[in-house]
Amino acid sequence: MGLLGTGILKGLSVTLTHFINTYLEDLKYLGRKAGVEPRPLRRQSPKNYGLVTVEYPKERLPLPENFRNIPFLVRDSKTGGDKCTSCGICAKVCPPQCIWIVRTTDPVTKRPVPAPKEFYIDSTICMNCGYCAEFCPFDAIKMNIEYELADYGRIQEMILDKERLTKPDTYHAAIHPTDWAREQAEKAAEEEKKRQAEEAKAKAAAAKTAAAPAKPAAPASQQPNAPPQA
Amino acid sequence: MSETTPAPATATPAKPAPKAAPAARHAEKKPAVTLATMTPEMNAVQQHFGEVLIQPAPFEGFLVTDPAKVRDVALFLRDQLHFEMLSNQTAVDYPAENVIEVVYHVSHISGGRPLCFKTRVPRDESVAVPSVTPVYPGAEFQEREIYDMYGVRFSEHPDLRRILMWEGFNGWPLRKDWKEAYYEGDTKPFDSRWPGGHHKLAEERVPWADNVNYPPGFDPNAYVSNPDGNLYESMLTGTNGHELSAPEIDIGADTVVGVEPGLKTDQIIVNMGPQHPSTHGVLRMVVRIDGETITDLKLVLGYLHRNHEKIGERNTWLHNIPYTDRLDYICGMANEMGYVIAVERMMGIQPTERAEYLRVIMAELTRIQSHFWAIGFVLNDLGAFYTPALYFITERDLIIDLFEAVTGSRMMCNYMRFGGVARDFTPEQLARARELVFERIPRAIDELERLLSDNEIIKARTIGVGYMSAERSIAYSLTGPCLRAAGVPYDIRRADPYSIYDRFDFDIPVLYGGDVYDRYRIRVLEMRQSLRILEQALNQIDQTPAGDIQAGKKAYNHRVPAGQTYARVETPKGELGFYLVSDGGQNPWRYHVRSSSFINLNSMREMTIGQKVADAVVILGSLDIVLGEVDR
Chain A
1 MGLLGTGILK GLSVTLTHFI NTYLEDLKYL GRKAGVEPRP LRRQSPKNYG LVTVEYPKER
61 LPLPENFRNI PFLVRDSKTG GDKCTSCGIC AKVCPPQCIW IVRTTDPVTK RPVPAPKEFY
121 IDSTICMNCG YCAEFCPFDA IKMNIEYELA DYGRIQEMIL DKERLTKPDT YHAAIHPTDW
181 AREQAEKAAE EEKKRQAEEA KAKAAAAKTA AAPAKPAAPA SQQPNAPPQA
Chain B
231 MSETTPAPAT ATPAKPAPKA APAARHAEKK PAVTLATMTP EMNAVQQHFG EVLIQPAPFE
291 GFLVTDPAKV RDVALFLRDQ LHFEMLSNQT AVDYPAENVI EVVYHVSHIS GGRPLCFKTR
351 VPRDESVAVP SVTPVYPGAE FQEREIYDMY GVRFSEHPDL RRILMWEGFN GWPLRKDWKE
411 AYYEGDTKPF DSRWPGGHHK LAEERVPWAD NVNYPPGFDP NAYVSNPDGN LYESMLTGTN
471 GHELSAPEID IGADTVVGVE PGLKTDQIIV NMGPQHPSTH GVLRMVVRID GETITDLKLV
531 LGYLHRNHEK IGERNTWLHN IPYTDRLDYI CGMANEMGYV IAVERMMGIQ PTERAEYLRV
591 IMAELTRIQS HFWAIGFVLN DLGAFYTPAL YFITERDLII DLFEAVTGSR MMCNYMRFGG
651 VARDFTPEQL ARARELVFER IPRAIDELER LLSDNEIIKA RTIGVGYMSA ERSIAYSLTG
711 PCLRAAGVPY DIRRADPYSI YDRFDFDIPV LYGGDVYDRY RIRVLEMRQS LRILEQALNQ
771 IDQTPAGDIQ AGKKAYNHRV PAGQTYARVE TPKGELGFYL VSDGGQNPWR YHVRSSSFIN
831 LNSMREMTIG QKVADAVVIL GSLDIVLGEV DR
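The listed protein sequences correspond, in order, to chains A and B. Anchor point for the first sequence: position 183 equals 183 in the working numbering, and the numbering is continuous, going up by one each time. Take any residue in the second sequence, count from 1 to its spot, add 230: that is its number in the working numbering.
Derived by calculation from the structure, the hints in this document are not laboratory data. One thing to keep in mind: the hints can contain errors.
Here are the simulated EDC-like cross-link-like pairs (lysine to aspartate or glutamate), alpha carbons at most 16 Å apart as the crow flies [what the hints assert, rightly or not]:
1) LYS783/B - GLU134/A
2) LYS10/A - GLU281/B
3) LYS430/B - ASP161/A
4) LYS430/B - GLU134/A
5) LYS784/B - GLU118/A
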């Protein structure tokens, strides 16, 4: 046990250090980093030992790419249609069950058409877990990064219908560059695979016609690498 | 019985061999949950009580056939076989067999798997189970919860009232035939969502007027509200059935500790909370005070109750992961880890190496940030308003920023999956984690100690306050830092190892004061040990292949083989256990959370009696509860 009061003084030295660091960090920032590193980013980095406040409505922290909030639907800008096929997986994996989908049926054949007729997300219930985006096999639903969602009403404003949910895929590409690059790479790989499969099929067909009189069972052994047709 | 769930006659857990469910097809060679094998301990119990009384239960533990003998069995287990602590107590409803099963898990304080025993009572409330509170005082809240949720009566319980629901509530909510106000279906996913999902608000389906369910013969217009009359009455007359452990405190209204002898004083009842900054949420402490001295205390819980467990039984297995985040919302990832480990144990799958490391990194970062938070708010409760708290929140925010970058959300991370995790760290994120663990946080902890540990005011306010001895802590099922501060080195990471904690070199710190000061210091020591684990994990993670974060194929419709399990993890608050019962379907039959915050509150009463009112606030802060987990 030291002298009574030394513990308090030791503690006060910590607050004093914080006080001084605030100015030192600001000076450092003015001296070197101004204009290079945005101020909010600097303030909230692990290297900063000074003040951490970000003056929120005026300044904003950049959001990480993975940040997730209420989902949106992706529109394919090439075809102009929805990517969604209304398979219903998102509605099934949704923990609070806030996704409502009406499947389109063909008026003539009465068979389901792979496109949603109606699509609702009750954003008052959505818990932003991200399962819908994670388990969507068509990359048709993605999590948004908007977080200022307050509004005046509960029904009209908060229950999002298909029109309000749909956003172009350029928007998705802009906010999720990594995810978008992965999607494009997967798409390219799939197309490449399809092309190869078709080529192999054509080749096999040609070989078949050529070898038909002699050996009917030949094609199967000639192309072991061809993927099975889905 | 027409109201009974049409669901599965398969509810019976007696089905031995689980079918190879689709989700378990990717399982490793490890066998799924098996029938209980008789351990030496179970043989000892059987020899003592005889075959008629004790039978092997399907899947886990053994069955006490005569409910009246439960207390004898508990006493035998505690005194002869040294199962000193009641870890978990809950109940399961089996309407098909017309029984409610009361389940107990007891554990050795020296470690090992818990031992499970059960008993069965008919659903018609005709049979009362003897309360085990004389053996394990920590059963008090848990038995009240079982009574509240299932209507199982416990004889000789000191204070058997509803605990999470209000007095006068109609029905037993966790029974399978009870339906909530906005009941839509027994299990999710609901059919109304797809393919004909025309949106409908919950209150369109069940109008406001129809969502209240009164007990039979109740007239709301003639009702005069006196909800707490009995509670206050019992506290003022000292008839609330509690036996005080400290003999020097006389519960009579005349002589009370801390009061001048011979001075006649009145005792008054004061409500602290539910809306009170010191209660860390919506908790109500009803205290009987004599001057400044607390002579009795009762907790009123349930203001944040949403019946997490009922929701969990409606959900599919996967749906529950984001809900566990909302239990103890300060340390969501630790909760997720407990749940996925429980389900993996039932499915018999093993996460990948990389996923194990990522889980440990996340869990330990969670522990550090939670302890920063806890210490900051104890200081707030002591009156050091927000200066220390904000210093620590700054550090915590850096960790939370990392969570946000990796998982997409700051607190509701939803990161773990069965057999893996949702996302891998990018190299930049790993670098950020290393910067935090090797540079920033060690300095922050040093600074924290400089700021607080020697401070004379803190010492004067906390040393000797809220004392609880090791024996009483164990009896009250106190777990986590509070137990270790009382001199019991009990940590699930060592006592009942899970995940890959056996690989790391770390210590379980222990202090012997058992007071608020040691509960503060133990958290500092634990943060340092977490840093040690993190240093090793961050060094070893590079040996695992990047991106290999999911064992087997990622699936959304899991079927868990029929069986039961109790899996527990050490969260920053203590022992978090999940007791799960599966009937082989895609929804849990029973989903019980053994929440450490809730059970730690058992000991609050004994800690505060004889202390000053201002100290009650500090004692509550030092227990570090989160109301999301208390009320569930």
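Taking the hints in turn, this is what the structure says about them:
1. LYS783/B - GLU134/A: 13 Å, holds
2. LYS10/A - GLU281/B: Roughly 66 Å between the alpha carbons, so the hint for LYS10/A and GLU281/B is violated.
3. LYS430/B - ASP161/A: 12 Å, holds
4. LYS430/B - GLU134/A: 25 Å, violated
5. LYS784/B - GLU118/A: Between LYS784/B and GLU118/A the Cα gap is close to 28 Å, so the pair fails against 16 Å, i.e. violated.
In this structure, the hints that do not hold are numbers 2, 4, 5, in rising order.
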